[in-house]
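Residue numbers (this note's numbering), protein chains in the order written: chain E, 10 to 605; chain W, 1017 to 1350.
Quick caveat, the hints were computed from the structure, so don't treat them as lab data.
Backbone N, C-alpha and C fix where the C-beta goes; we use that ideal spot for every residue, glycine too.
Check the hints yourself; a few may be wrong.
Stated by the list, open to error - 25 Å max Cα-Cα, derived PhoX-like pairs, lysine-lysine:
| # | chain 1 | residue 1 | chain 2 | residue 2 |
| --- | --- | --- | --- | --- |
| 1 | W | Lys1114 | E | Lys206 |
| 2 | E | Lys178 | E | Lys255 |
| 3 | W | Lys1187 | E | Lys299 |
| 4 | E | Lys143 | W | Lys1081 |
| 5 | E | Lys116 | E | Lys255 |
| 6 | E | Lys206 | E | Lys170 |
| 7 | E | Lys143 | E | Lys206 |
| 8 | W | Lys1153 | W | Lys1259 |
| 9 | E | Lys178 | E | Lys537 |
| 10 | W | Lys1081 | E | Lys206 |
| 11 | W | Lys1101 | W | Lys1114 |
| 12 | E | Lys116 | E | Lys178 |
| 13 | W | Lys1187 | E | Lys294 |
| 14 | W | Lys1248 | W | Lys1153 |
| 15 | E | Lys116 | E | Lys206 |
Stated by the list, open to error - What the simulated footprint calls covered on chain E by chain W, stretch by stretch (three residues with Cβ under 8 Å from a Cβ of chain W suffice, anywhere in the stretch; the number is not a length):
| # | segment |
| --- | --- |
| 16 | 245-251 |
| 17 | 456-462 |
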Amino acid sequence: MTRKLCALALSLAMLLSLAGVAGADIPSELPRNETLYFAGQQWGAVLSWNIFGANQNNSLVIGGGAASRVIYFETLYMWNDLDGQLYPLLAQGEPVWNDEGTEITVKINPAAHFNNGEPVTANDVVAVWDAHVKYQTGTGVNGSTYISAVEAIDDGTVVFKAVLNDEGKPINPLELPNQICQLRITSAAWIAALDEKAGGDQDAFKNDPAYDIVASGPYAGSYYTDETKIVLERDDNYWGVALWGKLPAPKYLAHIFYADNAAGRAALEAGEVDVSQQFNSDVEKMWLEKGLPISTYIDEPPYQLGLVQPSAIYNLNIPVLNELAVRKAIAIAVDYDQINANAMTHQSATFEQVPRSLFNTTEGQQAAYDHDAVKDLQWAGKDIEGAKALLDEAGIVDSDGDGWREYNGEKITLNAVCPNGWSDWQASMEVVAATGKEIGVEITTFYPEAAEFYAVFQNPDQTQYAIYMQSIGGSGPTYPWNSIRQAMSGEFVGQQNNGSGNWGQYVNPHVDEIIAAIPQTSDEAELKALYTEAVQIYLTDIPSFQLMYRPSLFHTVNESVWTNYPEQGDEYGYPPNDLTDGYGVGALYELELVNP
Amino acid sequence: MKGYRKYFLKKLFWFAITLIAAVILNFALPRMMPSDPIATITQRVTEGMNNQNAVMQIYREYARKFGTDQPMWKQFFIYIGNLLKGDMGVSFQQYPRKVSDIVAASVVWTIALQLPAILVGWMIGNLLGALAAYLRKGFDKALVPISLFISGLPAFGLAVTLLVIFGITLKWLPISGGYSYDMLPSFSWRFIKSVIIHYQMPFWSIVLIAIGGQAIGMRSMSIYELNADYVKYSRFLGVKDRKVVGYVFRNAMLPQVTGLALSIGTMIGGALVAETIFSYPGLGSTIMGGITSADYPLISGVTLIITVMVLTMSFAIEMLYGVIDPRVKAAQSE
């Protein structure tokens, strides 16, 4: 009896401590056949639902880049990573540039309405933008660099006006569609109510948890969240039936907050997770050796769609790294197949499959440059003898016979750095360090905590880290231009707290001219020539070098409950965005139950 | 009574001095880490932003909000001023969440897991240790190596072993969470049953380790006491064995009680291993996240709670010793 009472007390105490936040009456037991479970998108408790907030930690609801998460809040357009196109969501038809190329007009889908039944209008879009600018949110501060104003022409038409340069052209035409496809829409009335409640106080406005925020997405029905999970319920009155022809298949989307990758992986293998946005090492063993109904977007290596390029950045504040021979020797000697095997367990395309440039593995980005023009510059790695010859030729030799080369009379000692606990990155740095040994350059690994790592490498004058990792590239309307900018732009040189690009302080005025020219160039041949030249310079000067390709979102699914997930070459053509982001959300509508 | 009052006041004085030192250290130590938490937050929230000036503006905004742009002495006095009002500040990583809210949301899970596990491990371990010392022979020979083995096992290894055997291979117990992944909290027996089932592996992963350590400690103390002169003398006088054993174990318990008090004092720090391996809710993983991201207010807040609890438990034990063992009070008040 005492034991039972203790158990009851324990359970009640925990129940009270959970004190979840719920919008409505989600059942206490989620029917498995109606629920799609996620892992790897959300870590830790949800902080806020406020799209203007500084730190929502609500990744299942507010996340993604150009391919924005659109299951709760919706954007005007959805980005498709596969074909590099925008698809209308709240919008109707394509965005239309005016003849002067200074503004974009977007029509709102007349069927669109919020979860409170109110229609989505151009005024809502304007109110969202104005609130971002007024309250100086990240979106507002960053976006107003490129967008001067957003105006409603009528209820169904909104115009985005570009910030113009001295020549009367947009300072960056690529940024307008990029901003538009990331703008999450809530209602003007809700914003006005919060505005009044906050009384003009910026922090009060941004820090409001916004439990009652209005949204238009398919899962803006109701929600439950506590310290352990979040559950979104489908809005069965969702307007998008007019767009998609039906409601998305799962009634509930749920995400358990796993402590780490290992716990998330165990749950995936146990069938408690359907969609895993985690790096699951040796993913193929789940189906080949364990016989589990688990699959990835691509059946064979590289299994995932490589959209970003984790790279080794050379710190050019360190004199020896200003020697091109040293940079090139290390880069061509690295065993990239070993990195792919050790760090990515073959979930990266090899550099034989997708030769290095600055662009991701999608057809759209690969078509941006002339492959033949740069093929002599694209090394595949493991060229130890070539690396040694380069160093010998540059006079960087081992003169005292200790096995290590010297530079200006001193033994070369470099470190290879990435944050502690980022196991795939650490495995890459180990391979880079091992390469050093083979060519007589001492490279030691160092793994500080992430907070220390960011503090050091974002200082433009730092000399503590010699070779360190950062990701270059991505997917969205500003890519692949943005990849070139991240890798080589002079605008970042000398910038404090620089998390945006060119962390190694590479200077090349000609590259800056190319970076300035690309957004203003519409002629395709000219554009291709510019991209090709940028790649040539990158592969010649080697301010950094790619170590692998990596997806923006890992996409591994368990098909024990749901099936018909996106697969490469299938009839639907949805990108592997975990069924939540950009155009990939369409896959939610095609899911089928294994046992209906 | 006068002697006890002097003893109490002396202990209280040192308690206060230690607390002041601890508050200073709790503030200073996290800030001595070679980190910039603002850079970490800015990196996270500006992902995808292309304008470095905008990124810098956001960095400065966070620095202003969190007061890290102020001189250290000023930050310290703001911290002390807030503490006196019962405000441990706002977490950097979980901004705008207050440290007190973060602790409140997780602490019940931590206490519910740690307190019973510490008490059960302590009781079973001491009982086994005392029995081994008293019974000797086969029981002792079996208990010592088993206890040494279990207490020597890394907590991580034991937890993973339990997970693999009972969770993944036998599928007897759930592998993660505080309650079933397909449930929402409710006042139902199914939910309560789910909580109890999910409790088992994290609980026993802590208890088993505790039993081994406690048993070894208690056995050593008991053997020492059993060979003490007063035991031999009592037996020589013909005092009943039961009575003698009672005294022996009461004396042997004293250091064990201190150990128990300190364990309870530090339990708020959370069972990091159990929480991580079994994705069990609690403060341990929250604190770990705070440390890796240099979340000064969270680290300072939680370490302050731990400090106060340890000091309070130590103080309580000292007071208790003064009552149950007059030798301690006599020695201390001289």
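Non-conforming hints, listed in increasing numerical order
2, 6, 15 and 16
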